Structure formats: C-alpha cells, structure tokens
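Given the sequences, and given the hints that come with them, work out the whole structure.
Those protein sequence lines, which keep their order, are chains A and E.
At position 119 of the first sequence (counting the first as 1) the number is 120 in our numbering, and the numbers step up by one without a gap.
At position 71 of the second sequence (counting the first as 1) the number is 240 in our numbering, and the numbers step up by one without a gap.
Everything labelled a hint here was simulated from the structure, so no lab data went into it.
Since this is a predicted model, take the numbers as computed values, not measurements.
By construction, the Cβ of each residue, glycine as well, lies at the ideal position given by its N, Cα and C atoms.
There's no promise every hint is true.
Stated by the list, open to error - Calculated pairs, DSSO-like style, for lysine-lysine (alpha carbon to alpha carbon, straight line, at most 27 Å): (1) A:K174 with A:K191; (2) E:K196 with A:K153; (3) E:K196 with E:K314; (4) A:K132 with A:K44; (5) A:K113 with E:K314; (6) A:K153 with E:K245; (7) A:K191 with A:K44; (8) A:K113 with E:K317.
Claimed, not checked - Part of the chain A face toward chain E, derived, beta carbon under 8 Å: (9) D116; (10) G117; (11) N145; (12) R154; (13) G222.
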Amino acid sequence: MHVPPLFRPLILVSALVLTPAALAHTTVRSAITEGRTDDNAVKIEHGCEAGEGQVLPVIAQSVVFPTQSPVLTLSDGSSIGDLSEAVEQGGLAGLMHAIQDRHIFQVQQDKKDTDGNTVGFSGHEGYLDAKLQGRVSFEMTAPNFVADSCVKRLVVEIAIADICNLQVPTLRKSKVSLWIPNNGSRYASKGIQYGVQGVGDPAVMFVNRDQSLNPLPITCGNGLDLTVSPSAADIDANLPIPDVWR
Amino acid sequence: MSVSLKRPALLGVFSLILAGAAGAHDKTDSLGSAASAVDYYQVTCSDDGNGAPLSLTAQVKDNSPVASPLVSVSVKKGSAATASTDAVDGDTTYSPLVYVNGGAGVYDVFVLKSATGTENYTLSYHCMTGNNGAGAHTGTTIVTKQNK
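Right, here's the structure in full:
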C-alpha cells in the first residue's frame, strides 16, 4: 500500500501508541506502617510471556524477602552500615508468614533460615488462569524504626519468581518471570541471558514510619528512604523451591 | 433441659478444645548442656486490629525429663526488666507470670538455666493491650536471635 509522505509520521506515532505496554509487575498489595501486624498479599498480575502475545499460567511461585546481608541504599547517597541502625529488629527475618489459602497453590510453605525464622515462602502444585489476577496472602509485622534514625520509609525489594514451567532448563523466557534485582545473582545473570521478564524490577513493599508516635529527629529534615534489597547470595540460596524448582 | 448420655462426653471434649485454643503463643525448645547456654528471642508487640499493645507477658515451663538446673525467663525493654523461674521440673505448671509495660516494639526475651545440663522448656509469651498483662491479646511476633 502506498502511504503518502504526509501521513507516514502519523502512522509511525500510531504504531508506537498501539504497541502493547510492558506487562505489569508482580508486586505487593499494601504499604505497611510500623507498630502494625496486618494481612497483605503478593499481587500476580500476569503469567509468563511466551511470545506472539501468548501468556502462560503461573503454576508455582517463590518469594524471598531481603534478610541475609541485604544491600542497603539511602536516598541521599550516604552510607549505612547495618539495618539495625534503622530498625529495632535489626532485620526482617521472622516478620512475615504465609497464610494458607489454596485457591491458587495446593502446597505452600514458609522458607526458613538456620534459626528457624521465616525469610520468605513458596507455593506450587497450582494454576492461575492466565486471564485472571492472583493474590497470595501473607501476614506481615512491620519493623519498628529506630527513634534517632533519619529513615522515614523502608523500600523493601522482594525477589519473586512466577513459575509457569518446572521442566529444566528452568530459566527461560516462557517458563518463568523473575521479579528480582539485577545484582549478579545466578538468576539475574541467566534471566538476562535468556530474555526472562522482570530482572531489574523486583516487587516492592513500603514500610512507613509512624511519625505521629515516632517523629523524625529535627535534624533529619524530611527524612530519608532506605532501600533494602536482597543480596545475590540471598537470592541464589533462597529462591529455589527444594525438590520442585531451581 | 434433658441431656442424653452421649452429650456429656462431647461437651467434655469441646471444653478441652476451647481451653487449649486460648491465645496460644508458645515456643518449645531446649537449652544445651553448658551452664552458660541462653536462648535469646525478640518479641515484637504490634496492633493486629485488637488494639495497640501496652505490655508483654512471659512465663516458662521446665519440661521433662527432670534434671537439676532450674529454668528461667527474663524480659527487657528499654530500662525495664523482669524475670521468672519455674521451681519444679517436669510438672504442668509454668513459672509465675511476669510482664513488662513497654508498649509497642521489640522486647528482648532470654531463656536460661541455673546449672550444667540439657533442659527442655516451653516459653509462653503474649502482647496485651493493657498494662500489667491485662486487656486483649494483640500482635505478637517472635524471632529467634540465638539458639543454644
């Protein structure tokens, strides 16, 4: 078809507008505030890209919170040595627990560290219709902010694998979405190599300081955000679902 | 009201179930042989919808087998601390109930013993909306910091 030159830019713009936007992320439903224990949920918005517009259903999921030597980044670029400088608990291990709910996954379990504290959870033997959204419930106790710290909010990055095919090799574009930081983990490296969606886009949960009960010191001004991200070693160690997927 | 011969048994079982279900936050574990063995926990008290916490209660039960060490629990938050010891090993009675009125946040809880020898124990801990352990049960989350 011959397109007059006058209309070619319009056609190009139209094509760009009509190109489907990137698929939405798997993320966390609600922000939480210190001093609270509440039910929350992982939101599964889409399955795994399989090319030509096809999306495959999620059949398993692995969720890892940053608990083992997490990477800490303050919003003003200053350094912080340890999470205990910002939160009284000193870490996030043990503050989350999966809630049994088998409407997606028939088998669920908490992931534990060597002290028996929960560091994440997983589900498998499941099926989430590719045309529907999913919610995976968990209970979360918000950590308490250290009174004299300048941190007003935690930006907690959570590594999540939405798994659509358990067959090896597992880390392929149509078999999994890896909502994980691009931090050199085996999962990040393989995910990038094989075009898996999500690397560099971890799920995020915000934890807010209760500034009415625990105000920022005056010298802090408006306060800082502290991003807490799982380390490469944490992801490599805890993202697998033992005997199911790795 | 007439009650058939079958109903008293059912009522008895139902009562047992209700008694066991009341606000259970228990941690069963053991202390190693060394006299210096201490298990260290952090309990976070929070509002789970039942109200803001004002206190944490704690008590410990020295479980079988019977051994010579006495098992104790101590609780600290800020500048307030308390402790409680189970005087009889292997029975069903806990140590006296103690509390710290520390409000919301993190309480340090230690389980320790008086001498050499392995000890099994059950720690009971609850965050309450009233001072001195009163009020309603609210958000209670335990994290193990040290397991000896």
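message: If you test the structure against every hint from before, which numbers come out violated?
response: Going through the list in order, the structure violates hints 2, 12, 13 and respects the others.
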